[in-house]
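As they're listed, the protein sequences go chains A and B.
For what it's worth, our numbering labels the leading residue of the first sequence as 1, then goes sequentially.
For what it's worth, our numbering labels the leading residue of the second sequence as 193, then goes sequentially.
Be aware that one or more of the hints could be misleading.
[Said to hold, decoys possible] Here are the computed distance ranges between Cβ atoms for each label pair:
#1 A:Gln115 to B:Asp240: 15 to 25 Å
#2 A:Arg77 to B:Asp273: 29 to 39 Å
#3 B:Pro269 to A:Leu109: 43 to 53 Å
[What the hints assert, rightly or not] Pairs of lysine-lysine, DSSO-like flavour, derived with a Cα cap of 27 Å:
#4 B:Lys215 to A:Lys9
#5 B:Lys195 to A:Lys4
#6 B:Lys248 to A:Lys4
#7 B:Lys215 to B:Lys248
#8 B:Lys262 to A:Lys9
#9 A:Lys7 to B:Lys195
#10 B:Lys272 to A:Lys4
#11 B:Lys262 to A:Lys53
#12 B:Lys248 to A:Lys53
#13 B:Lys272 to B:Lys195
#14 A:Lys7 to B:Lys272
[Claimed, not checked] Part of the chain B face toward chain A, derived, beta carbon under 7 Å:
#15 Pro205
#16 Lys215
#17 Ser217
#18 Asn218
#19 Ala244
#20 Met249
#21 Gly251
#22 His264
These are calculated hints, taken from the structure and not from any lab test.
Note that beta-carbon positions come from the ideal geometry of N, C-alpha and C, so glycine has one too.
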Amino acid sequence: MSRKEQKEKTRRRILSSAFELFKEQGYLKCNTADIALRAGTAHGTLFLHFGTKEQLLFECIEERLIDISNRLSHAARDAENLESMLRIYLHHIGNELEFETMIAREMPLLPVSLQRKIMAIRSGIAADFYQVLEWEMENGTIRHVDPAMALNFWFGTLNYYLANQALFAGDGNIIETSGNQLISYFIQSLRR
Amino acid sequence: MDKLPRCESCGMPMRSPEEFGGKESNNKYCCYCTDEQGRLRSYESVLDGMTAFTVKMQGLDPGQARLAAKEHMATMPAWKDRNT
């Protein structure tokens, strides 16, 4: 294995250890020494690759956002309707529910500079939904609304359910127990 | 699922030829970050565009949206080596 490949392998191992520990302990409680230990690297090596704990979280989030953005962009290109876009999104959230729940809980507590970086990438996802909302408004299948406001209602409600998952779903999976209801209620609220 | 090419200036996934700068699918930049000929716009012009986009898509405060756009652009290949 070349030096470059070895470096990349170490980087990936640190990133996936961080992802797992953020899920298990939450971002705020988790410390970089434990991440390095889980990854089997020296503490200093972690900082050589990522600089800060914030950067580690950002890269975990960025990877997930780019993945879902890719899926949604394909769906938007294929002129999927709003409901199928929302299902794709919920499926993505459900794939890593513990991580997404942690983000929903801790996002408001993160440094505002990190929140901005996350929101900048989220704009791409919002844009795919925005486009589909505009199509549906043009086609007359939904009322004329401010798409950004409608989307903030959707993401805000979803985050509320995620952050309070134990109350809404007990030991169950919130996407499985409430996903259909959330989609159906959101769409009904937009219908003419 | 094939990975969509992303604009090296703003990160937008480019899904169809119309979304590439100059409608050329080998352009590294999207139609929003380039002029009619497909040439990358100035930093300020792209920053203004991204700020407006972020406000429109998510309803953020314009000042925060501008900072968000600036910080995001600083990570993109087209702008990351810019000395500001």
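Worksheet item: Can you give the numbers of the hints that this structure goes against, from lowest to highest?
Response: 3, 4, 6, 8, 12, 16, 17, 18 and 19
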